[in-house]
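Novice: Chain by chain, the residues run as shown.
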Amino acid sequence: MVKERLGRDIIAMRVAKELPEGAVVNLGIGIPTLVSNFVAEDKTVGYHSESGVLNYGSLAEESERDYDLINAGGQFLQWVPGMAFFGSEEAFAMIRGGHVDVTVLGALQVSERGGLANWMVPQRGVGNIGGAMDLAVGAKRVIIAMEHTDREDRPKLVKECSFPLTGRRCVSLVVTDLAVIEVAPEGLVLKEIAPDWTPEEVQSLTEPKLILAPDLKEVEL
Amino acid sequence: MAERLSRDLIALRVAAELRRGQVVNLGIGLPTLVANYVSRDRGITLHSENGVLGYGPHASDETQDPDLINARGEHTTLLPGGAVISHNDAFGIVRGGRLDVAVLGALQVSEKGGLANWLVPEKGLGSPGGALDMAAGAKRLIVITEHTNGGAPKILKECTYPLTVAHRVNLIVTDLAVMEVTPEGLVLKEIAPGWLVEAVRELTEATLIVSADLKEMDFGFPKEPPVEKVCSSAAEAVADVFDGAVILMDGFGGLGGMAHYLMLALRDQGAKELTVVGNTVGIARVSAFGAPPSPDLQAIDHSILVETGQIRRAIASFPVSPSPSRPSAFEGAYRRGEVEMELVPQGTLAERLRAGGYGVAAFYTPTGVGTVVAEGKEVREFNGREYLLERAIRGDFAFVRAHKADTLGNLVYRGTSRNFNAVMATAADITIAEVDEIVEPGELDPEAIITPGLFVKRIVQRPPGFSPFQPIVKE
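So the sequence lines, in the order shown, correspond to chains Y and A.
The working numbering applies: residue 1263 is where the first sequence begins, and numbers increase by one.
The working numbering applies: residue 28 is where the second sequence begins, and numbers increase by one.
Each hint should be verified, as a subset may be incorrect.
Said to hold, decoys possible - Simulated crosslink set (BS3-like; lysine-lysine; CA at most 30 Å straight-line): (1) Lys184/A with Lys139/A; (2) Lys166/A with Lys242/A; (3) Lys166/A with Lys501/A; (4) Lys1402/Y with Lys242/A; (5) Lys1421/Y with Lys484/A; (6) Lys1421/Y with Lys1402/Y.
Derived by calculation from the structure, the hints in this document are not laboratory data.
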């Protein structure tokens, strides 16, 4: 019998726990976008988008969309108090200059040394770099939110990325539908595991050897 | 012996060199006096490196504001259409080639165009301030100075004091003469009333070549037509776009921040072999960025220029559709080998444009080290971390989408639609702004102006009711 994996919302919920009070956070497209839905109401997080806005709020309703207020995924935002607007050159100065505390990105592959590939599937032949390379090297902490395996159930956590790289040794933490894994100098450390899954089962879907954390526990939300 | 010119007359003679529409920086001392002869109706923008553009006469005791000073610390005023900018932007304007004239004082000037004006060696200490930037960045460098210092010549064969700049002075105006620095040497062009060439030569160490049309100093101002930036249509604004031009366009990819009216006019104008630089190359039609309000409409984006075969090359960060099942027109043309593409990380693209606009040739960034974008580029280590050398980008034209302009070209944006537009406005020879509304100078808050008018050559207002969508034509 196939065991149940964590849903996209649960992955996002687990990532949300990682965001510290007062952090400036950039959320990528896909599962990362969902993270803001699960940040505790009493926590202050400033969201940054490379479209040129800081402290944005929720998505706008279809009826009130405004072409002059979008996030980096092209979704329409609401006008909320405390927002600040700036140009692309400043949006990326914030990123490269170390002013973004956490970025949450999706991934095609993550290597055991923290390499990230997330901008191009080689079979397509073309891809979009967008802001991913800048975020990978510029954000103080890079968290990956992704499914543990691809559509053919092949591991996305690999020894070496075979897809074109976004950045080398940039990932700090990987949250998947099976586990929470830290990229440590000695390798990938399995810290939390989805309910009902065993470390052996997670290892069988992971290419590099996982180091079991001494305090390995069930994924905590 | 004839009298020398007064300081005011020297300043008047320099003011006669200035032309309508120019951006001018005046240094400390004698240069300051030039401002007295730059009346508002001459259409000259005075730039001060502490971040003031379009300043006017000195403030009176009653009106002075400690938050409005010039680079000399004097209380000044802002003319309608003036703007307050940051120090960084003030010097970006200078290095980026937007400062038409710098007028500086001098301790020494050489016949080769060298200038020394920041340090008297005997004093041991000096302040370069903005002088080195002005001297290196201004398109034309005019030195205004007394011809001698206590009888000792200041116009020399070689400067002996520490240099401000080596070979950049174009014109020297003194209380005795007007001299032009030419490849052949220092040419005496005008001479103060009552003075003979020999008498001037005696007070000059440099070799003076006497101009064939040497004349008495001329204080007349030229008659000039007004500079008109407002175009009546997008077609007029893009009429001179040439085949092979590099055009900076497209804000972020969505319909906000995209100059649709100019893009349509460019399609009709027909220039070919274009290189476009932007975040995307027409993904609005095939993504959430440009979802139409009804299924029989589609967004206007780069696709209209791809379909006509006008685009030859693109430099972009997000060039293709996020969805492989909905390829854009550009992606199709790329797969058929009809267009070339240079892929650039988004932050690197923004910074390459900033460098282009602000006169920085290249810069090192950590972005892209160890990836495909590092191929063929220099990698250098600083403080234990690797960085890539990336080069500046400049455009022949920029199509900028802003919210409002005044008739001087000052721009404000709205929401996230500023994105690449503001930086692109700085990085092209001819920046054309497409706006919702054009207002009179003084109607935009000087503190809120994002793009000062000196970057903008042309302005066009979107026609009332303009739609960023067009009907889908069934083949």
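Novice: Each of the hints needs a verdict: does it hold here or not?
Specialist: Going through the hints against the structure:
1. Lys184/A with Lys139/A: This hinted pair holds, its Cα atoms lying about 7 Å apart.
2. Lys166/A with Lys242/A: 26 Å, holds
3. Lys166/A with Lys501/A: 53 Å, violated
4. Lys1402/Y with Lys242/A: 67 Å, violated
5. Lys1421/Y with Lys484/A: 54 Å, violated
6. Lys1421/Y with Lys1402/Y: Given that 30 Å is the threshold and the Cα spacing comes to 23 Å, the pair holds.
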